[in-house]
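S.K.: Once you have looked at the hints, place chain B on chain A.
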Amino acid sequence: MRIGIPRALLYYNFYPALSRLLEATKAEIVISSETNKQKLEQGLTLCEDEVCLPVKVLMGHVMTLAEQNVDGLFMPRMISLERSRYICPKFLGLPDMVRSSLGKDIQVLSPTVNLSWGKLRMFREGLKSAGPWLRHPLALWRSFRAAESEQLAHQQQLAAAFAQPQGTSKRVAVLGHAYNIFDGYINYDLLKNLQTMGVETLTVENFSRAAIEEGARDLSKDLFWSYGRDIVGAAFYCLRRRAVDGVIIVASFGCGPDSLITEIIERRFSQAGIPLMSIVLDEHSSGTGLITRLEAFTDMLHWRDAN
Amino acid sequence: MKITFPHLGYCSIPLRTLFAELGHTVIVPPPISQKTISLGTLHGPEFACYPLKLGLGNFIEALEAGADTLIMGGGIGPCRFGYYAQVQQDILRSLGYEFEMIVIEPPLGHFRQVVAAAGRLKQKNSWMQLAQAASFALAKLRACDDLHQLSLKIRPRVENKAVLANLYNRALTAIDAADSHRTLKTVANRFQENIKALPQTRVEPLKVALVGEVYLLAEPAANLAIEEKLGNLGVEVIRHVYISSWLKVNILLDFLRLRRKESAEQAARPYLNCFVGGHGQHSVGETIQAVRDGLDGVVHVYPFTCTPEIVARGIMRTYAAEKNMPLICFSLDEHSAEAGFNTRLEAFVDVMQRKNGQGELTDEQALHGI
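Protein chains in written order, with this note's numbering: chain A, 1 to 307; chain B, 1 to 370.
Here chain A stands alone, though its shape is the one from the complex (with noise of 0.2 Å):
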């Protein structure tokens, strides 16, 4: 039995409780490798053209993963990861978009995740998806555990990158969806460029709870999807606190959480005296483009200093 993760959208935030979440059942579990341009291109023919890019991306790597003869697709419905508030519209019907372009040849194995709903119906939930591949009901409960105080530890560790003290570099929030930032083929390794340039760079999963909540304080009303809000909130952190030299916000084209986000954002940040670029990704970006528009930045950053 073989059930094989495609390394794509929330795999970026979850990977470290993914793989003890499936060490309950008897499958060998398969990670499809880095995202590439053959991926990107067969998610491409597989896709709506108004599809955003990290969906073609998964598509690409579900289909890799296909080839490779897995079984079944890990794939949860993911609807809420606290209450009230939800992910993009797409995870929701995201099982069944993959299901509907892949034919009935893979099982899609695609519990409902609400952790809005509470932890026992969470694990029957989980019961009824992993039922006939599962070791022992008993074995799901722990590896339940074991995975979320993994995925615990990983976000303290990350969280304390912030509270260490700033070197002579330039800091700089790259602040988007964990897709976008940590994929390196279709940022075209904006990471490591920044780096390369000698700027030290923060994630929102370098944020602790209380900075973020203490950003999202300023928004006029709350903001009902998770993730956009952790943007936000990090965001109008970094404003109150002037706590970077600089701000880059990172998204898909035709993402609609996004296109509002990006907006709030812009606005805060107009008059505040933080620089802030925006980069819109899509599957015709290109690299030379977005190193130039980096290089630009960054040197505008120490320009700042100098005058």
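By construction, these hints were calculated from the structure, which means they are not laboratory data.
Worth double-checking, as some hints may not be accurate.
Just a few of them, taken from the derived set where beta-carbon distance is under 10 Å, the chain B residues facing chain A [as the list claims (entries may be wrong)]:
| # | residue |
| --- | --- |
| 1 | G77 |
| 2 | C79 |
| 3 | L272 |
| 4 | G277 |
| 5 | I310 |
From the three backbone atoms N, C-alpha and C, an ideal C-beta is built for every residue, glycine too.
M.R.: For chain B alone, coordinates are given in the frame of chain A:
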């Protein structure tokens, strides 16, 4: 208070009634024009959806006309509509307008805000008077919806389309002017009869399900008058999503925590087993129902970059191809060109006719501009 609100098809009629009954001055924004679209796209976020931009354009024109209180709907996600009001407010303030914005959130989860907003709007009226005004406004909305549904059925059959268009517009004006339940009923019935009495051909028209996002379905300025165009091409448009039904399901039933028992959502389950925001699940369900009911085609309209409808679209395409059902999807925004739109629509009607074995076009259809 000089109250205004964004346009949504003929919803300005019940809304004007509601606020006028409560004693407010109502400033209805000018009908959506090229100017409205330009204002909305100039000041709105580039990648935001079309309804946000059009609403913004409406607000700017109404503020210029002297409005000082803006009424806007809210939401709890995951669709973007729930955050329109905040973004529009930020933009309008930065343009230097002074106004108050009253956001009507869905009562589930925001009960206190809703009561507070209603309290502000009712002024010195009693709660009873507010309920009466609301019920009169709802009666007008239903009268408009009924009239509209009749026009969709009659338009492909009626010989003189221009007379029908004229009657339809006069009926809307009369409904708008009605000042009591009684006059409303009289004028609504009279126009229904007049429309039904128009001379009709006996040819059975093609039937198309119009599915998609509710704003794009209800606002002819946004959907390039797709219903009228299809009707004039001799196609009967069948549309299930109306504002009155939407209010009933999304506001009332959700508030009372009654389970949704909508047939379209049930039908969609095997293919899209989850609410995805907006009307995504409806669009899939209605496509499935259209195949089951033996309709001739499905037309899908939604604003460019509308995530719930894009999720639906992929699934609908696979399904329609499997069932050999003609399907055309229009994702519309300020860049939609009318000439190209008309051509695609006409080609689609051609496809349905050929599939239906009608082959050549009738003289009448040729006359009406295919």
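S.K.: For every hint, state whether the structure bears it out.
M.R.: The hints, checked one at a time:
{"no.": "1", "hint": "G77", "result": "holds (3 Å)"}
{"no.": "2", "hint": "C79", "result": "holds (7 Å)"}
{"no.": "3", "hint": "L272", "result": "holds (5 Å)"}
{"no.": "4", "hint": "G277", "result": "holds (4 Å)"}
{"no.": "5", "hint": "I310", "result": "holds (5 Å)"}
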